[in-house]
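Number of protein chains: 2
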Amino acid sequence: MKRWIMDKHTPTRGLSFEASESLYTESSQYQTIEIVKTADFGTVMLLDGVLMVTQRDEFVYHEMLSHPTLFTHPNPQNVLIIGGGDCGTLTQVLRHPSVQKVIQVEIDEMVTRVSRQYFPQLTECISDPRAELIFADGIRYLQENQDSFDVILVDSTDPVGPAEGLFRKEFFADCHRALKADGILTIQSESPWIDDLQVVISQVNKDLKELFTYVNPYLASIQTYQAGLWMFQMASKKYQPCLEDQTNAIKESGMQFSYFNRDVFSGCFILPEFVRKLIQ
Amino acid sequence: MKRWIMDKHTPTRGLSFEASESLYTESSQYQTIEIVKTADFGTVMLLDGVLMVTQRDEFVYHEMLSHPTLFTHPNPQNVLIIGGGDCGTLTQVLRHPSVQKVIQVEIDEMVTRVSRQYFPQLTECISDPRAELIFADGIRYLQENQDSFDVILVDSTDPVGPAEGLFRKEFFADCHRALKADGILTIQSESPWIDDLQVVISQVNKDLKELFTYVNPYLASIQTYQAGLWMFQMASKKYQPCLEDQTNAIKESGMQFSYFNRDVFSGCFILPEFVRKLIQ
Chain A
1 MKRWIMDKHT PTRGLSFEAS ESLYTESSQY QTIEIVKTAD FGTVMLLDGV
51 LMVTQRDEFV YHEMLSHPTL FTHPNPQNVL IIGGGDCGTL TQVLRHPSVQ
101 KVIQVEIDEM VTRVSRQYFP QLTECISDPR AELIFADGIR YLQENQDSFD
151 VILVDSTDPV GPAEGLFRKE FFADCHRALK ADGILTIQSE SPWIDDLQVV
201 ISQVNKDLKE LFTYVNPYLA SIQTYQAGLW MFQMASKKYQ PCLEDQTNAI
251 KESGMQFSYF NRDVFSGCFI LPEFVRKLIQ
Chain B
1 MKRWIMDKHT PTRGLSFEAS ESLYTESSQY QTIEIVKTAD FGTVMLLDGV
51 LMVTQRDEFV YHEMLSHPTL FTHPNPQNVL IIGGGDCGTL TQVLRHPSVQ
101 KVIQVEIDEM VTRVSRQYFP QLTECISDPR AELIFADGIR YLQENQDSFD
151 VILVDSTDPV GPAEGLFRKE FFADCHRALK ADGILTIQSE SPWIDDLQVV
201 ISQVNKDLKE LFTYVNPYLA SIQTYQAGLW MFQMASKKYQ PCLEDQTNAI
251 KESGMQFSYF NRDVFSGCFI LPEFVRKLIQ
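Chains as they are written, first to last, in this note's numbering: chain A, 1 to 280; chain B, 1 to 280.
Okay, chain A solo, but in the shape it has when bound (with noise of 0.2 Å):
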């Protein structure tokens, strides 16, 4: 049964493709899992609707979520990810092998379930001794940890339901605290095309420029996301990104990426005039 599905990225103007197959529909405590099949993007997850994880283009956010921060620091061992039930960024963390420990705190375990079963691509590494899986919300797992993590990736939906929280300063702050004296906070942090998006980003930077030593805001083209542009704010203690040293340690890594490489290490920190002016 073949139907069309708009993803709406404001109340006039959206995404739409094509669903050749419905795979799975279910509701979990906090929200509806949906599984389609498509002709464009593979298969695709959405969450409330909204366009989540699709197997063509996954790669470009779970590689500019992880490699740009995992290459920053240089010796990256403990990692928290907030979110992320997908699995996609964990599979990229775990590639570091200087990573000894990945803890991921989702708060929809259904999330991870299905993943499971329909990205097993992105689960495979759920196995990996390394990793720990815990399902709670992320707010109050981190009020609970202190000067624990190397780097926290923070891997949310959208900033409406149960993803609201992790763009408050008060979040930030958790995290800060969190983190060791020479950590790194990463966040997701939507898209600078979109009115209401840009309202988010310009007060999540304020935020954590008030906490961090550095604040670097970057970019990656995500063709399913809204209006195909995203950004990510890398908030760090003490490390700045694209140096030099760090090009060449992705070099030595040997390590294959389908987005990510030395120049976009440097290249993704580069930003339009439009969307500097937003964190001036």
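The list that follows gives simulated cross-link-like pairs (lysine-lysine, DSS-like), each with its CA atoms no further than 25 Å apart: (1) B:K251 - A:K277; (2) A:K2 - B:K8; (3) A:K37 - B:K8; (4) A:K8 - B:K8; (5) A:K206 - A:K237; (6) B:K277 - A:K251.
Covered by chain B, per the in silico footprint, the following chain A stretches (three or more residues, Cβ under 8 Å): (7) 12–18; (8) 248–261; (9) 269–275.
Note that these hints are calculated values from the structure, not bench results. Since the model is a prediction, treat every value here as computed from it, not as a measurement. Beta carbons: idealized from backbone N, C-alpha and C, even for Gly.
Given the coordinates of chain A, work out where chain B should sit on it, guided by the hints.
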């Protein structure tokens, strides 16, 4: 009369947006021209149902088609624009004080006539005495000119219908002949996210490399074009882009931009890994 419009990017995906008002629809000899009002993008022009120009984000395409090239050439005096009937590219080119003459060869006069009515901010520049508008077939025009231009910009529609010939090697060879010995040709070359267009990008890159000394593809985020990521290719006989003295020229020009800036001038040439592989 509100209605939803879908600009299809493949048979099974597209950008959907609500038109709050239809302002104009007419068919020229070449295509159907439609103007609508939208909440998200302001005034929008569609050609044969494909979104071409929006009030909200036209600046990206027009700045990025023109300024990287106009700042790479040390003294661009004679410029040819093929296509570009909305005059947005012409507007940007004429901001450069070195430019003495810009000839624009657009096949469809009706596009310019309609733009004068609905995008006056783009067509004001027509009264500049350095601008000459010719309504004719750009391919034929080029065949009659040799060694004439410092810069040629190809501001075309997609490689179907009237613009198909503008993606062929014979046309690029005509451009090469029409350029001076140190001239630069820059073309819009579609979205690297769309399978069918990946083929076009690779072929165009190969053809340009056989004709020119340097071919530098670059990218910009255009939210209303296919998949939100757009490629351009700069083919140059002598000059390489984004050298230090060129970025100084940007600063010294005192020009203000909404997308382009000194950092973008180098950053736009940095390609994500999957795009880099398309042009290897």
